[in-house]
Amino acid sequence: MIELRGVHKAFGSKQVLRGVDLFIPKGESMVIIGGSGTGKSVCLKSVLGLITPDKGEITVEGQDVTRLRQGSSERDAFLARFGMLFQGGALFDSLHVWENVAFRLLRGSLKRPKAEAREIAIEKLRRVGLTPDVADLYPAELSGGMQKRVGLARAIAAEPEIIFFDEPTTGLDPIMAGVINDLIREIVVEMGATAMTITHDMTSVRAIADKVAMLHAGKIRWTGPVADMDDSGDPYLTQFITGSAEGPIEAVR
Amino acid sequence: MTFLATIGAIVLGALAAVGRVALFAFDTVSHLARPPWYPREFASQLVQIGWNSLPVVGLTTIFTGGALALQIYAGGARFSAEAVVPQIVAIGMVRELGPVLVGLMIAARVTSSVAAEIATMKVTEQLDALVTLSTNPMKYLTLPRVLAATVVMPLLVAIGDTIGIMGGFLVGVQRLGFNASTYLTNTIDFLEWVDIVSSLTKGAVFGFIAALMGCYFGMRSQRGAAGVGAATKGAVVAASVLILAANFILTEMFFAG
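Note that the protein sequences, when read in sequence, are chains A and B. Heads up, the first sequence is in the working numbering, so the first residue is 8 and it goes up one at a time. Heads up, the second sequence is in the working numbering, so the first residue is 203 and it goes up one at a time.
What the hints contain is simulated information worked out from the structure, not anything from laboratory work. None of these values were measured; they are calculated from a predicted model. C-beta atoms are modelled at their ideal positions from N, C-alpha and C, and glycine is treated no differently. Any given hint could be a false lead.
The list that follows gives simulated cross-link-like pairs (lysine-lysine, DSS-like), each with its CA atoms no further than 30 Å apart [claimed, not checked]:
1. Lys-341(B) x Lys-118(A)
2. Lys-435(B) x Lys-21(A)
3. Lys-121(A) x Lys-341(B)
Calculated Cβ distances over 12 Å to all of chain B for the following chain A residues [claimed, not checked]:
4. Met-91
5. Leu-149
6. Ile-256
Selected chain A positions facing chain B (Cβ under 10 Å, derived; list incomplete) [claimed, not checked]:
7. Asp-83
8. Phe-89
9. Gln-94
10. Ala-97
11. Asp-100
12. Phe-110
13. Ser-116
Make a model of the complete structure from these sequences and hints.
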């Protein structure tokens with residue numbers, strides 16, 4: 008469904024992606040792992056068209072993402088199939104929680120009557136474990152964990168086919184991280200969505216992933232089912248999973 | 203040689219910046235003709251930029267009008283021209299001080315907050331989030347702000363001009379012994395349409411510049427708190443300088459011919 012072929016991207020003189028090849032079949036949950044600064048976010052943002060790769064091809068169901076013109080109706084239709092949970096939540100501070108969740112339902116091609124949009128927002132908030140009384144608060148009034156949940160509710164509000172999660176557990180305590188991981192897993196399964204997650208939290212990987220891909224030095228170093236991860240025999244992957252300072256990955260980057 | 207190269211680099215950099223700003227301005231204006239539009243954002247910006255700026259506009263212009271009356275009276279006394287206070291206050295406020303002071307206050311108040319807001323949105327990935335929610339930040343953030351500032355600034359300038367003249371009037375009547383009705387008649391008789399039209403035109407142009415710079419610098423912000431700070435500072439400096447430069451050009455266009 009989502010395919011990256013030979014994707015290159017440099018920022019100035021810094022070559023971040025050096026030919027990433029990755030395939031994510033429909034309905035599968037792919038988790039990309041890798042150290043900080045290895046280009047995981049760049050990969051994800053390239054698929055969404057937030058970053059244009061220098062070279063290579065990215066297709067979603069055969070449609071070439073890099074050819075979609077900014078602001079065109081094809082691109083809007085393309086983005087309408089996506090939901091994305093941002094690392095910091097990226098909630099709009101000036102809007103109420105429910106308006107954040109229902110953002111897509113209040114404008115554009117998926118616009119609905121306000122009352123209906125609000126109802127859907129409250130239902131999605133409930134789905135992520137929040138009570139209706141948070142609907143009329145502002146994002147700044149919520150804790151980090153609650154903001155993450157609101158971000159998750161916003162990502163799933165328009166029933167997307169594809170959901171991206173950018174470090175969903177970063178900045179949360181272990182219990183809240185566990186709750187978010189379970190929620191993501193449940194939601195992805197019940198919606199039958201294709202999911203792409205980037206993280207360096209191994210607990211997250213085991214909870215969310217069907218398949219794992221490890222990004223290192225601008226390329227996919229290893230990819231396979233999550234069950235094969237522990238005895239892959241790949242020294243890079245093993246070092247990353249065990250979190251050891253000893254190994255082929257330089258600890259000072 | 204390195205000296206020449208440095209000058210060349212500076213000139214090229216400046217030209218590139220002018221080009222980027224011009225493209226940004228064109229892009230902003232072009233969204234006027236391309237739906238979707240966001241009337242609710244526009245309305246809320248009218249309130250933020252227009253209504254909420256009234257106190258600062260009133261305070262700035264009333265004191266300036268008063269001071270102007272005192273200066274002209276004292277200066278005029280040197281060649282027995284004290285009587286021209288109403289005329290000079292009117293022309294000074296309407297042609298120059300009204301639009302420029304209101305413009306600079308808007309640069310301080312609106313440009314800074316727009317730049318800081320949008321820069322923070324960029325740093326916290328809210329701009330990316332807008333795009334993934336099929337909403338173009340240029341349409342949703344930039345156009346409503348720039349349009350609201352352009353529309354509302356002539357009004358603010360008109361109010362500022364009036365309050366400034368009132369400041370001069372108060373000082374003239376209370377402190378300098380002018381007759382109230384003569385002062386007002388002299389003011390009104392002396393002002394011409396071109397004075398008022400130039401004043402309001404300057405207002406619109408300055409409003410456009412102030413909001414545009416806020417959005418431009420905000421959207422180009424670098425990461426982190428330092429990035430937001432630099433974007434805000436850059437926006438206010440650029441807006442202030444451009445407003446003063448535009449003021450010179452507009453004055454030239456209106457009055458030098």
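Results for each hint:
1. Lys-341(B) x Lys-118(A): holds (17 Å)
2. Lys-435(B) x Lys-21(A): holds (28 Å)
3. Lys-121(A) x Lys-341(B): holds (21 Å)
4. Met-91: Given that some Cβ of chain B is not farther than 12 Å from that of Met-91(A), nearest at about 5 Å, it is violated.
5. Leu-149: holds (14 Å)
6. Ile-256: Holds, because the least Cβ-Cβ distance between Ile-256(A) and chain B comes to about 25 Å, which exceeds 12 Å.
7. Asp-83: holds (4 Å)
8. Phe-89: Since the shortest Cβ distance to chain B is 6 Å, the answer is holds.
9. Gln-94: The hint holds - Gln-94(A) has a Cβ within 10 Å of chain B, the shortest such distance being about 7 Å.
10. Ala-97: holds (4 Å)
11. Asp-100: holds (8 Å)
12. Phe-110: holds (5 Å)
13. Ser-116: holds (7 Å)
Checked against the numbered hints given earlier, this structure breaks only hint 4.
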